[in-house]
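Read off the chains here:
Protein chains: 2
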Amino acid sequence: MARWEPDARGRLLRTAVDLFFEQGYDATTTAQIAERAGLTKTTLFRLFPDKREILFQGQGTLIDLAVEAVARAVPGSPAIDVVAAAISAMTDAHVADHSSSQRLAGLIAASPELRERAAFKRSSIAGALQTALLERLGSARRAGLLADVGVRAYYDGFDRWIAADGDRSLTAVVLDELAECEADLRELVLGTRTHPVPQRA
Amino acid sequence: MARWEPDARGRLLRTAVDLFFEQGYDATTTAQIAERAGLTKTTLFRLFPDKREILFQGQGTLIDLAVEAVARAVPGSPAIDVVAAAISAMTDAHVADHSSSQRLAGLIAASPELRERAAFKRSSIAGALQTALLERLGSARRAGLLADVGVRAYYDGFDRWIAADGDRSLTAVVLDELAECEADLRELVLGTRTHPVPQRA
DNA sequence: ACGGTGATGTTACCGAGTCACATCATCGAG
DNA sequence: CTCGATGATGTGACTCGGTAACATCACCGT
Numbered sequence: 001m002a003r004w005e006p007d008a009r010g011r012l013l014r015t016a017v018d019l020f021f022e023q024g025y026d027a028t029t030t031a032q033i034a035e036r037a038g039l040t041k042t043t044l045f046r047l048f049p050d051k052r053e054i055l056f057q058g059q060g061t062l063i064d065l066a067v068e069a070v071a072r073a074v075p076g077s078p079a080i081d082v083v084a085a086a087i088s089a090m091t092d093a094h095v096a097d098h099s100s101s102q103r104l105a106g107l108i109a110a111s112p113e114l115r116e117r118a119a120f121k122r123s124s125i126a127g128a129l130q131t132a133l134l135e136r137l138g139s140a141r142r143a144g145l146l147a148d149v150g151v152r153a154y155y156d157g158f159d160r161w162i163a164a165d166g167d168r169s170l171t172a173v174v175l176d177e178l179a180e181c182e183a184d185l186r187e188l189v190l191g192t193r194t195h196p197v198p199q200r201a
Numbered sequence: 001m002a003r004w005e006p007d008a009r010g011r012l013l014r015t016a017v018d019l020f021f022e023q024g025y026d027a028t029t030t031a032q033i034a035e036r037a038g039l040t041k042t043t044l045f046r047l048f049p050d051k052r053e054i055l056f057q058g059q060g061t062l063i064d065l066a067v068e069a070v071a072r073a074v075p076g077s078p079a080i081d082v083v084a085a086a087i088s089a090m091t092d093a094h095v096a097d098h099s100s101s102q103r104l105a106g107l108i109a110a111s112p113e114l115r116e117r118a119a120f121k122r123s124s125i126a127g128a129l130q131t132a133l134l135e136r137l138g139s140a141r142r143a144g145l146l147a148d149v150g151v152r153a154y155y156d157g158f159d160r161w162i163a164a165d166g167d168r169s170l171t172a173v174v175l176d177e178l179a180e181c182e183a184d185l186r187e188l189v190l191g192t193r194t195h196p197v198p199q200r201a
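Protein chains in written order, with the working numbering: chain A, 1 to 201; chain B, 1 to 201.
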């Protein structure tokens, strides 16, 4: 399949990340990215629907993975386990190494435009997860609440993983975060007073 | 303060809604909106940071209202009550009538670009609410989880209000939704077992 | 009446994104 | 080995969102 220089998408992604780091997202032109990648603006927009999406490729796959994991989950298992299966399916598919992920997260955090796209992705994942959970729970409200918890655990866990040294696996950190969420939720709902919570040992 | 024709922002908003309904969001030009409102493109972009924001003006105020409500809440009151105060502060400030809100919701749902902005607004509200709650709860995780629940109750309640006849007040519907969320959350966290819903093999 | 001030208009410009059309590299059939 | 089909890429022109510098106009107080 590969003709000319292979992996045009990957080249564009790497080039874009480099340029965004050098000059900032806004100051970098799509024509600039394409040129340094040995392509043209037209080809860039053939491969990506827009400039932001260069950094978010593959997030559509995330949704599919989560939804499939929910569909594959054992019927009758606790809802929280189904959520855990869904989000660990996403983390397992995470290919970028720790430092690349750090770079990417820094870029996104620095640009409102990219943060907006990130929020959209997050809400898309939450929506898809809710729909998938709905078939099991029968209640849209419960499915939505659970999806929120799962997505929060995924993103907050991801942030913890980013901030850490990268020794622990992403999946472990995220599943740990989910367990913490469940515990906190239980205490919140039971009306217990706030007390020192055992953070990670 | 008002010179020339007054309320340029309001005129632009109404004109934009009309045009978006007639032609769709994408097919409507900012110059078109400005012209029909008796202004020019430049003035439009002086009053709104971008085209999408025409439909979302005032959402920044929503955040302030929620945050202030949290700050004003009685110390020591249950966390869920603080959340209720925050979201009812937002609904109380809702000025648009039922049918206008329906139109606006339909427009936003029809355009991916507008849905993305809506997701960003929602995440911004959730973030601000989490920060406000953090001072009371001491735990960022609990604050985030509670903020998610509150924001979900707000949006899902809003949708229910939109879909209904508009007899009940928005605040009543949203607070009812929040109560339902709390109840569902309690059941989810206690005997969490998936309902006997017919699974597909 | 007049001058200051703020809101608006004019003009020109840049960059994202689209489109129609041309080109070129590869592969398979003969 | 040649040649045509195919699909990826390039070219050039275009629209539209958004910005900026400068000019203009309406109101207000003096």
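Simulated from the structure, these hints should not be mistaken for lab results.
A portion of the hints provided could be inaccurate.
Same chains, same names: a pair is fine if it fits in one copy or spans any two.
[Claimed, not checked] For lysine to aspartate or glutamate, the following EDC-like pairs were computed, each having C-alpha atoms within a straight-line distance of at most 20 Å:
1) 51 / 116
2) 51 / 113
3) 51 / 22
4) 41 / 5
5) 41 / 187
6) 51 / 26
7) 41 / 165
8) 121 / 18
9) 41 / 97
10) 51 / 7
11) 51 / 176
12) 41 / 81
13) 41 / 18
14) 51 / 92
15) 51 / 35
16) 121 / 81
So, going through the hints one by one against the coordinates:
| no. | hint | result |
| --- | --- | --- |
| 1 | 51 / 116 | both (13 Å within a copy, 15 Å between copies) |
| 2 | 51 / 113 | both (10 Å within a copy, 14 Å between copies) |
| 3 | 51 / 22 | within (17 Å within a copy, 29 Å between copies) |
| 4 | 41 / 5 | within (16 Å within a copy, 44 Å between copies) |
| 5 | 41 / 187 | neither (53 Å within a copy, 53 Å between copies) |
| 6 | 51 / 26 | both (10 Å within a copy, 18 Å between copies) |
| 7 | 41 / 165 | neither (37 Å within a copy, 50 Å between copies) |
| 8 | 121 / 18 | neither (23 Å within a copy, 29 Å between copies) |
| 9 | 41 / 97 | neither (28 Å within a copy, 46 Å between copies) |
| 10 | 51 / 7 | within (18 Å within a copy, 36 Å between copies) |
| 11 | 51 / 176 | neither (34 Å within a copy, 42 Å between copies) |
| 12 | 41 / 81 | neither (45 Å within a copy, 53 Å between copies) |
| 13 | 41 / 18 | within (17 Å within a copy, 35 Å between copies) |
| 14 | 51 / 92 | neither (27 Å within a copy, 39 Å between copies) |
| 15 | 51 / 35 | within (14 Å within a copy, 30 Å between copies) |
| 16 | 121 / 81 | neither (23 Å within a copy, 30 Å between copies) |
Checked against the numbered hints above, the structure violates hints 5, 7, 8, 9, 11, 12, 14 and 16; every other hint is satisfied.
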